[in-house]
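Let the sequences and hints guide you as you build the complete structure.
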Amino acid sequence: MTVRIKITVENQSRYPRSKEPVNVGIPLSRDLKIKAAAGFSLADADGRNVPCQAVPLAWWPGTEDVSWVLVHFQADVPSFSSKDYYIKINTQPQPAAAQQDNLISHEQNTLRVNTGAVRFAAGDITVGSLFAEILKGADADCVGPRLKTKLGTVLKPGRPTKFIVDENGSEKAVVKLEGPYLDAELTESGFTYVIRVEFYRNRPYCRVFNTIIADQTGELADASFVIPKAGIGRVYSESGELLLEEESGAGLLQDQHDQIRLVTGSEGENRNCRFQGWIGDDKSAAAVRFFWQMFPKSIEIEDVVIKLGLLPEQSQWKDSFRLTDDIVTSYSFAEGEARTHELLLVFDAAAKAYQELASIFAGLHTPLTAAASYEWYVSSGFFGDLTVHSDDHCPEFESLVNQSLEMILNRREELGLYGDRNFGDDLMNKSFIWNNCEYDYPHAGILQFVRGAGTRWYTEFALPAARHLYNIDFVNAGAYAGYIYPHSHRHNTAAPKLGSHSWLQGMLEYFLISGDYRARDLAQLVGERWCSLVLEQDEIGGTERAVTWPLIAMLALYQVFGDEKYLDAAVKIRNRVVELFDFELGHFEGCMKRENYPPSYWQVFLIGSPVLESLVMYYQLTGDELIKAIIIAIAERLAQINWIEAIGEWEYTRTNGMRNYHTPKNNRMVSPGVGYAYLYSGNQDLWDKAVTAFKNSCKDLDDQGKEMTQSLRFGVRMPALMGMVEKSREGKLS
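Taken in order, the sequence shown gives residues 1 to 734; the numbers are from our numbering.
A couple of the hints might just be wrong.
To be verified - When the alpha-carbon atoms are kept at most 27 Å apart in a straight line, the in silico DSSO-like pairs for lysine-lysine are as follows: (1) Lys33 / Lys565; (2) Lys727 / Lys699; (3) Lys565 / Lys35; (4) Lys565 / Lys497; (5) Lys136 / Lys156; (6) Lys176 / Lys148; (7) Lys88 / Lys35; (8) Lys83 / Lys6; (9) Lys156 / Lys176; (10) Lys162 / Lys136; (11) Lys33 / Lys6; (12) Lys352 / Lys19; (13) Lys352 / Lys307; (14) Lys88 / Lys6; (15) Lys352 / Lys83; (16) Lys307 / Lys283.
Treat the hints as calculated values from the structure; they're not laboratory data.
Written as structure tokens, this is what we have:
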């Protein structure tokens, strides 16, 4: 059997793209039973073959069947348009195909690279020697990342302790180097580098993900990436304006998201604008992604190098956030905090005309986005029950989804929620506490993206949030490596934890969609630590949230990595939930009972979010009848005690004893769980109340990220449930 999948590639910029590398994550349903990526091919709309590389990322648990594959290819798309390609999968066993040359090889401590655009062989690889080879003979001491401590000590990458090939094929290869930053006496500094370099077939550039990790609490005055200068340095904006053209002593500083300063010698000029562009000289060119969004950033033309300021010393504001009067004079790192910056290095810029360079760097600042049809994602079964975004079905909810994206992006703009530490997150209203992407921004955004609610749900919401999470909110190193910071001042001033206020679904989904291997690494780091804590505990404790968010995480980890230990942890949590549930009363006892919320003994929004969602996930995976019975009993309890008949909404119980209090987000969270209970029981009263409360809530827009993701990540199930019930009833009538 041959399966055909349409892939649509969008170009949202004014620059046409020619042979731009793209990748697309594709879920494969369980019934396809695809064992490997050998049967994949790609063609354009006219049937012409397009070279591609298919890399399995995940397998259905307990099988050898691929559940996710990452497909790389090069696309040609005119400006402000889209183009369709078609993946073909032969699901039958295939004879071994002719071996295509991989872009790299790594044997006997020698790295060999041959992309067609760059070719070299290098032994005893260091960070400097690798970039010297990429830039074709540059001085290894004058290229690569640099740090400066608050005391003025310059730090450079030491010899890598790890060299890993993450991916290698005919279209793309990814290498990872990891090791310590050292001072001039080769003393370790407490900072670690993780650098990933992506090579592409026949492309005169590479993409670099440069990560700084604080092994302990520390401060930096400066972080940069330097490349040797050849001749005059020229800084171009994306619009084509030549901003600087100097041999040395010039630069550009973005010290606020909406202001730059141009410096030439002793003269300076401020402009109220956002820089997006690149710097080039007579040999190479380079740029940093999210330059203004993740300010401060700089470009400096010095005597012998071009310096890309990732955390520039000359910034007046550093990591300050003026809205909250959080003013600092250096770049402070909590233990385990990281910063990742994405760069594009063009190593053959001299032969490129301006328009070609503009098109290349548009691929950094506004990359092509590729996606399968939304019907394909929804029907894969990987994301649970979803329906394609459509105004014809549940229009009130879909209007709310559209308004929600505009709300959160407008809020980012109005409050200036930008900066190297902040971009991707949101503030709690009034308190000036950062949300830390509660309740899983990447997950909420990706669910809307894959169902067709808009590409911006991914590019402008989920992706920045995922990168913020794995740098600032996930603890990368130190005693608490693998823990997660809950919402707090400056993101990580509260103690890190696992349980309540911790989530992994979105990070795993972001990895599968994007192929960002740093997201995979951090999800595994957190998953290993979390799973160990669950399995080592004699008795699982905490509130109902602290018990059931881990259940969601363990099930998500098991779904992606297939390791039985995650299922063992999920079973252990399940047993604790069963142990604490009182069927006669319809609520939980022990640590999951909220004594100060009579008569329901829980806040409805809590029981309606992680508890019901986690139990539905567990039942869908295992078919556990006891869990099914608990879901029904919870819903019936809610319908009896927490239903406000006069207005058709769920009660949101309060510690002050206020009765009949209700919130729109609560209705969107509770209704899907009650809807599943109807499917499992046939109790019509449950369905009527679930639908009534859900529809009544859709006219009310959440006003910040926490409430929005809290209601949308659960509420998105309701349109799918409504479609399932409608289809079932139509079948009975026919």
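Going through the hints against the structure:
1. Lys33 / Lys565: holds, 24 Å
2. Lys727 / Lys699: Holds, because 25 Å separates the two Cα atoms, which is no more than 27 Å.
3. Lys565 / Lys35: Judged against 27 Å, a Cα distance of about 23 Å means the pair holds.
4. Lys565 / Lys497: Within the cut-off at roughly 21 Å; holds.
5. Lys136 / Lys156: Distance of about 21 Å is within 27 Å: holds.
6. Lys176 / Lys148: Status holds; Cα separation ~23 Å.
7. Lys88 / Lys35: holds, 15 Å
8. Lys83 / Lys6: holds, 10 Å
9. Lys156 / Lys176: Status holds; Cα separation ~17 Å.
10. Lys162 / Lys136: With a Cα-Cα distance of about 24 Å, the restraint between Lys162 and Lys136 holds, given a limit of 27 Å.
11. Lys33 / Lys6: Since the Cα atoms of Lys33 and Lys6 sit roughly 19 Å apart, the hinted pair holds (cutoff 27 Å).
12. Lys352 / Lys19: Holds: Lys352 and Lys19 sit about 15 Å apart, inside 27 Å.
13. Lys352 / Lys307: holds, 21 Å
14. Lys88 / Lys6: holds, 9 Å
15. Lys352 / Lys83: holds, 25 Å
16. Lys307 / Lys283: holds, 15 Å
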